[in-house]
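2 protein chains.
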Amino acid sequence: MAENPTAAMLVIGDEILSGRTRDANMHFLAGELTKHGITLKEVRVVSDDHDVIVGAVQALSGSFETVFTSGGIGPTHDDITAEAIADAFGVPCGIRDDARALLQAHYDARGQELNEARLRMARIPDGASLIENPVSTAPGFTLQNVHVMAGVPSVFQAMVASVLPSLTGGQPLLSQSLDIPRGEGDIAGPLGDLAKAHPEVSIGSYPYQRDGVYGANIVVRSSDGAAIDKVITALAAAFPEAR
Amino acid sequence: MAENPTAAMLVIGDEILSGRTRDANMHFLAGELTKHGITLKEVRVVSDDHDVIVGAVQALSGSFETVFTSGGIGPTHDDITAEAIADAFGVPCGIRDDARALLQAHYDARGQELNEARLRMARIPDGASLIENPVSTAPGFTLQNVHVMAGVPSVFQAMVASVLPSLTGGQPLLSQSLDIPRGEGDIAGPLGDLAKAHPEVSIGSYPYQRDGVYGANIVVRSSDGAAIDKVITALAAAFPEAR
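As they're listed, the protein sequences go chains A and B.
Count along the first sequence from 1, add 44, and you get the number used in my numbering.
Count along the second sequence from 1, add 44, and you get the number used in my numbering.
Covered by chain B, according to a simulated footprint, are these stretches of chain A (three or more residues, beta-carbon under 8 angstroms):
| # | stretch |
| --- | --- |
| 1 | 78-88 |
| 2 | 110-120 |
| 3 | 234-245 |
Listed below are several chain A residues computed to face chain B (Cβ distance under 7 angstroms; list not exhaustive):
| # | residue |
| --- | --- |
| 4 | Ser62 |
| 5 | Gly63 |
| 6 | Arg66 |
| 7 | Ala74 |
| 8 | Ala161 |
| 9 | Arg162 |
| 10 | Gly229 |
These are computed hints drawn from the structure, not numbers from a lab.
The beta-carbon is built from N, C-alpha and C at its ideal position, and this holds for glycine as well.
Please model the entire structure based on the sequences and the hints provided.
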């Protein structure tokens, strides 16, 4: 099948690595990219450390067509993503007028002060374009092939919705699955033969144990629906107990 | 505070990157390591691709004291982790007698055949030691500083429990949190000052929006409980509405 565009994600935040927060953005983005025909190839989760973020951004933006980041663009002292992205590309980072105007209007409307801390959310690397935030106004931004978004899931999701239509996707990846209530060891032989005979699809086997029963969900993926149908039919014939 | 030992995690599996499966092992491991006094510094999620796994294992095992992997050690054609770990360290990988004996006993007891596919789960890189799997027998393994474990969460968790007592931890990281029902922009100034005055703790701010109310959970972390108490007391005095 034709190669789809590739993407990577960088999750920034000590709270994920300490186990305090369970990340939700990776799973959301993965699903959205798959629907859009973009292949998510790698995710990295790193701590709130300037040099580590810079290194990860440089590595991922050099290896994949598009990079998405989440986290670290709020008003507090541990929000250091904007400067790190700027440094990764060797550009300055400062308060930008259009971002400041968005925030000013937002806080004016609520009778709140655009103080020094809130103004930090208008720090944008030179040359970046803003990503709209319909949830809480403070914008994300796109610099070269890196889309920088908030970590709060509702805001992250809104920003993904803003960015995704601007990206060229490939063929959406389609999939069908069969649940075979037998141990993977019984399935693996015929499955491997089928995978070898059908390089035009990718076949994954995801084992489970439920109420003492061993089984596996077999997922067949391709951008070619007819190719998937053929393999699923062959699988169902080989394992009549599949459902 | 004293530096704790560092760790990284490598999650291997197309199903995570396609959005089909939401990974649960990262969050579990993060919490267990924090309790054990080991600092999780980075997580990478990569696809079922031999060269990519080899590269990630080499990068992470060279940068951190301990590496944990999840996924790709089952019996099917897409389970390629054992060979990739072996290649990362330049050692051969083959069926090993002690692993085969474990599997033979397991399948004999159930009247099932230890067929060619199941035997793949006895592939162990030369020089590795086995990690016990009390859930479904097929072992994980430890090669140098890399612990290779299953992706099925119940098995992953059991293997972590087998490995963790053998690792030297530092001081367990303690934490206390305060919920301040005000926007981060109101909190950020005093919080930044407090962070600067107390480098012996780390202070994180995790904003939320609930029923239209903006607030933030402020988490103070350190291995020194008295230092945390002092900062929490100062925070509560600065924000009387905190709870």
